[in-house]
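These are the residues of each chain, in order.
There are 2 protein chains.
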Amino acid sequence: MTASVAPIRAGAPFPERELFGPGPSKVSSRVLQATARPTLGHMDPDFIDLMDETRELLRYAFQTENDLTFPLSAPGSAGMEACLVNLLEPGDTAVICRNGVFGARMTEIARRAGATVANVDAPWGAPVSPEAVDEALSSNPGARLLAFVHAETSTGVRSDARALAEIARRHGVFTVADAVTSLGGVPLHVDEWGLDIVYSGSQKCLSAPPGLSPITVSPRVLDAVKNRRTPVQSWFLDFSFLTNYWSGGGKRAYHHTAPVNAIYGLHESLLMLREEGLESAWARHRDSHEALVSGLAELGLSPLVDVAHRLPQLTVVPVPDDIDDAAFRAALLREHQLEIGAGLGEFAGKVWRIGLMGYGAKRSSVNLILKAIGDLLVRCRAEDVGASTV
Amino acid sequence: MTASVAPIRAGAPFPERELFGPGPSKVSSRVLQATARPTLGHMDPDFIDLMDETRELLRYAFQTENDLTFPLSAPGSAGMEACLVNLLEPGDTAVICRNGVFGARMTEIARRAGATVANVDAPWGAPVSPEAVDEALSSNPGARLLAFVHAETSTGVRSDARALAEIARRHGVFTVADAVTSLGGVPLHVDEWGLDIVYSGSQKCLSAPPGLSPITVSPRVLDAVKNRRTPVQSWFLDFSFLTNYWSGGGKRAYHHTAPVNAIYGLHESLLMLREEGLESAWARHRDSHEALVSGLAELGLSPLVDVAHRLPQLTVVPVPDDIDDAAFRAALLREHQLEIGAGLGEFAGKVWRIGLMGYGAKRSSVNLILKAIGDLLVRCRAEDVGASTV
Numbered sequence: 502m503t504a505s506v507a508p509i510r511a512g513a514p515f516p517e518r519e520l521f522g523p524g525p526s527k528v529s530s531r532v533l534q535a536t537a538r539p540t541l542g543h544m545d546p547d548f549i550d551l552m553d554e555t556r557e558l559l560r561y562a563f564q565t566e567n568d569l570t571f572p573l574s575a576p577g578s579a580g581m582e583a584c585l586v587n588l589l590e591p592g593d594t595a596v597i598c599r600n601g602v603f604g605a606r607m608t609e610i611a612r613r614a615g616a617t618v619a620n621v622d623a624p625w626g627a628p629v630s631p632e633a634v635d636e637a638l639s640s641n642p643g644a645r646l647l648a649f650v651h652a653e654t655s656t657g658v659r660s661d662a663r664a665l666a667e668i669a670r671r672h673g674v675f676t677v678a679d680a681v682t683s684l685g686g687v688p689l690h691v692d693e694w695g696l697d698i699v700y701s702g703s704q705k706c707l708s709a710p711p712g713l714s715p716i717t718v719s720p721r722v723l724d725a726v727k728n729r730r731t732p733v734q735s736w737f738l739d740f741s742f743l744t745n746y747w748s749g750g751g752k753r754a755y756h757h758t759a760p761v762n763a764i765y766g767l768h769e770s771l772l773m774l775r776e777e778g779l780e781s782a783w784a785r786h787r788d789s790h791e792a793l794v795s796g797l798a799e800l801g802l803s804p805l806v807d808v809a810h811r812l813p814q815l816t817v818v819p820v821p822d823d824i825d826d827a828a829f830r831a832a833l834l835r836e837h838q839l840e841i842g843a844g845l846g847e848f849a850g851k852v853w854r855i856g857l858m859g860y861g862a863k864r865s866s867v868n869l870i871l872k873a874i875g876d877l878l879v880r881c882r883a884e885d886v887g888a889s890t891v
Numbered sequence: 502m503t504a505s506v507a508p509i510r511a512g513a514p515f516p517e518r519e520l521f522g523p524g525p526s527k528v529s530s531r532v533l534q535a536t537a538r539p540t541l542g543h544m545d546p547d548f549i550d551l552m553d554e555t556r557e558l559l560r561y562a563f564q565t566e567n568d569l570t571f572p573l574s575a576p577g578s579a580g581m582e583a584c585l586v587n588l589l590e591p592g593d594t595a596v597i598c599r600n601g602v603f604g605a606r607m608t609e610i611a612r613r614a615g616a617t618v619a620n621v622d623a624p625w626g627a628p629v630s631p632e633a634v635d636e637a638l639s640s641n642p643g644a645r646l647l648a649f650v651h652a653e654t655s656t657g658v659r660s661d662a663r664a665l666a667e668i669a670r671r672h673g674v675f676t677v678a679d680a681v682t683s684l685g686g687v688p689l690h691v692d693e694w695g696l697d698i699v700y701s702g703s704q705k706c707l708s709a710p711p712g713l714s715p716i717t718v719s720p721r722v723l724d725a726v727k728n729r730r731t732p733v734q735s736w737f738l739d740f741s742f743l744t745n746y747w748s749g750g751g752k753r754a755y756h757h758t759a760p761v762n763a764i765y766g767l768h769e770s771l772l773m774l775r776e777e778g779l780e781s782a783w784a785r786h787r788d789s790h791e792a793l794v795s796g797l798a799e800l801g802l803s804p805l806v807d808v809a810h811r812l813p814q815l816t817v818v819p820v821p822d823d824i825d826d827a828a829f830r831a832a833l834l835r836e837h838q839l840e841i842g843a844g845l846g847e848f849a850g851k852v853w854r855i856g857l858m859g860y861g862a863k864r865s866s867v868n869l870i871l872k873a874i875g876d877l878l879v880r881c882r883a884e885d886v887g888a889s890t891v
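Note that the protein sequences, when read in sequence, are chains A and B.
Residue numbering for the first sequence follows the working numbering, beginning at 502 and increasing consecutively.
Residue numbering for the second sequence follows the working numbering, beginning at 502 and increasing consecutively.
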């Protein structure tokens with residue numbers, strides 16, 4: 502009848518990190534304080550007003566008029582699953598682009614929904630090829646959708662979402678775009694580009710705590726969901742229920758209990774984005790990135806991704822040959838309270854992912870990062886130390 | 502390029518409610534402040550320690566030694582779906598008890614997973630009948646699982662989880678128990694009773710913000726999941742991945758980005774539960790309930806559920822014939838900042854659901870509720886007013 506755990510956190514000072522990895526990004530105290538507001542009931546009229554505001558602010562962030570624009574009550578990976586399983590039925594074909602971890606994840610999810618997947622592969626570090634997509638859609642004339650990652654978090658690459666959406670439209674298939682890392686950091690115009698479903702995450706360029714997945718869904722997709730032959734395999738992710746819950750006007754239908762405090766945080770971060778303006782936020786990410794790249798060059802580090810396809814909010818650099826990746830990052834965290842990201846998948850152990858996202862995308866962050874990495878590189882090399890002693 | 506929304510929350514005082522509905526329950530300022538701690542990276546060693554502590558504290562709350570005991574990064578409804586879709590494969594039979602909204606929801610989820618469902622129905626307001634379950638399991642000898650709701654949030658009824666688990670074990674089927682409203686409020690002994698999977702919610706008797714679903718899974722179930730003929734239909738909810746993410750020891754495998762700040766809040770609420778002790782928490786819920794029932798009797802209101810099956814944390818009373826349900830609750834909220842729950846499903850418009858859950862289960866809450874309801878009943882009757890003018 503007793504818990505054997507020692508409450509190591511109780512009373513101890515809570516650690517505070519400089520978050521410059523691939524997300525979560527550093528959350529401002531304004532947003533943190535918003536998450537600590539008193540919890541309202543999920544059907545409280547004041548909370549429903551706040552839901553409506555959140556939807557409107559998300560429409561601005563996504564640059565869309567889509568009615569069904571809302572934060573899914575789960576992380577970006579669940580957002581990815583929601584977008585795929587609402588459109589796909591057993592036997593459907595999905596054309597899925599794969600140039601990093603997240604295209605591979607989409608593939609796995611689509612297969613579990615009973616779809617046949619035709620992959621369009623590009624090398625890690627390169628963008629999706631519009632020509633290859635055009636070809637794949639020509640070879641799969643009955644395909645239901647084209648899915649791709651706008652900003653690949655595993656490689657730091659931006660693909661041309663506008664061009665890909667145009668090709669998909671020409672072939673008459675729906676587009677599903679992963680904008681987890683792009684939303685708020687680089688231009689994204691959902692309506693103008695004709696993207697059908699776009700999902701994102703709260704913890705990247707929006708700088709809200711992780712846990713929510715903003716999603717926007719075109720009316721065309723909702724019609725298609727209504728006309729499915731089979732029910733959506735997931736009750737929790739079914740867009741029909743989510744429409745009644747989020748867009749029900751005065752007559753919201755209970756579906757689940759919304760994560761009230763998490764939505765406070767996202768709402769506050771979206772207010773900050775609107776106050777700044779999207780173009781300013783995009784410019785700020787670009788400027789911070791350029792300053793980072795200049796400074797890294799002085800340290801002998803250069804971005805892996807070609808300048809034409811590089812994400813400003815996530816700079817991927819090869820780990821220097823004479824440096825032990827894991828030991829170096831551990832020392833950065835321990836000595837400088839500074840987090841940068843490790844490589845994932847094919848890039849594990851080979852690259853660092855340095856995120857300047859949302860609230861963290863500013864000159865002072867760049868200085869902090871350059872000073873910490875620079876000092877530690879010098880020390881490692883001077884001491885000629887290996888993994889065990891850094 | 503502009504958002505048309507007016508930020509009504511910005512600068513305005515944020516409303517604070519007394520939450521005495523069916524959840525979310527009132528969150529203590531200690532827990533709210535915990536959610537506002539600086540966000541850590543989801544792979545930060547300090548956050549991983551906090552994940553381990555959270556798992557250990559949840560084992561105490563569930564009274565289990567199950568290794569896979571963790572908070573799912575989504576609300577209770579997703580927890581329900583996780584538990585069902587990991588066990589069920591197309592063609593399986595599930596025996597599902599239905600005595601309120603949530604048994605019906607389980608049925609729908611199981612069907613979408615391709616299962617055939619045999620329902621064991623009991624009237625709304627009554628518990629699940631062990632005899633009927635025994636009979637249903639006898640008539641469905643190859644059934645994969647028995648699912649039931651321990652504490653029905655739509656009716657305020659407690660079913661005999663121990664007896665039901667014993668019957669299931671005798672028939673060699675897995676038990677899935679919904680403990681969304683029971684965990685922390687009434688005795689629940691997962692290991693002693695032999696429950697195979699139990700899921701709950703953060704926002705009921707634990708009084709953390711809504712958004713997480715604590716789950717515990719027996720090793721027997723994990724073996725069964727490993728031996729499935731088909732992959733689990735949901736990538737996000739697959740227990741094999743979640744085991745690698747939550748129980749991977751020193752070698753956690755990235756699956757999704759955990760909702761870091763939400764977990765801070767849950768962790769703090771679980772610490773509070775352990776400091777108080779489970780038995781004390783259960784006794785506090787019982788005492789508060791008894792005080793509430795005595796006070797309600799003086800107002801002419803009596804619980805709908807038989808005393809033997811009544812949940813202390815959720816008291817359901819019929820709305821008096823001369824009172825307009827919606828107008829009365831709206832006036833309580835507007836004039837007293839006090840939320841009680843409406844009826845759901847069959848009970849819509851007919852009952853009030855008064856929750857004394859977690860942090861809210863105390864004598865001062867009882868006094869607040871009785872004074873507010875008592876005063877408003879007197880005024881309504883004195884003024885002989887209808888819905889439109891209350």
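Note that these hints are calculated values from the structure, not bench results.
Any given hint might turn out to be false.
Same chains, same label: a pair holds when it works inside one copy or across any pair of copies.
Claimed, not checked - Here are the simulated DMTMM-like cross-link-like pairs (lysine to aspartate or glutamate), alpha carbons at most 25 Å apart as the crow flies:
| # | residue 1 | residue 2 |
| --- | --- | --- |
| 1 | 872 | 776 |
| 2 | 752 | 622 |
| 3 | 872 | 692 |
| 4 | 851 | 823 |
| 5 | 872 | 636 |
| 6 | 752 | 517 |
Now the hints, each set against the structure:
1. Neither within a single protomer nor between protomers do residue 872 and residue 776 lie at most 25 Å apart by alpha-carbon distance, with minima of 31 Å and 44 Å respectively.
2. For the homomeric pair residue 752 and residue 622, neither the shortest alpha-carbon distance inside one copy (45 Å) nor that between copies (29 Å) is at most 25 Å.
3. Taking the shortest Cα distances, residue 872 and residue 692 never come within 25 Å of each other, neither inside one copy (41 Å) nor across copies (53 Å).
4. Taking the shortest Cα distances, residue 851 and residue 823 sit within 25 Å of each other inside one copy (12 Å), while across copies they are farther apart (73 Å).
5. For the identical chains of this complex, residue 872 and residue 636 are neighbours neither inside a copy (47 Å) nor across copies (72 Å), given an alpha-carbon limit of 25 Å.
6. In this assembly of identical chains, the alpha carbons of residue 752 and residue 517 lie at most 25 Å apart only when taken from different copies (23 Å versus 43 Å within one copy).
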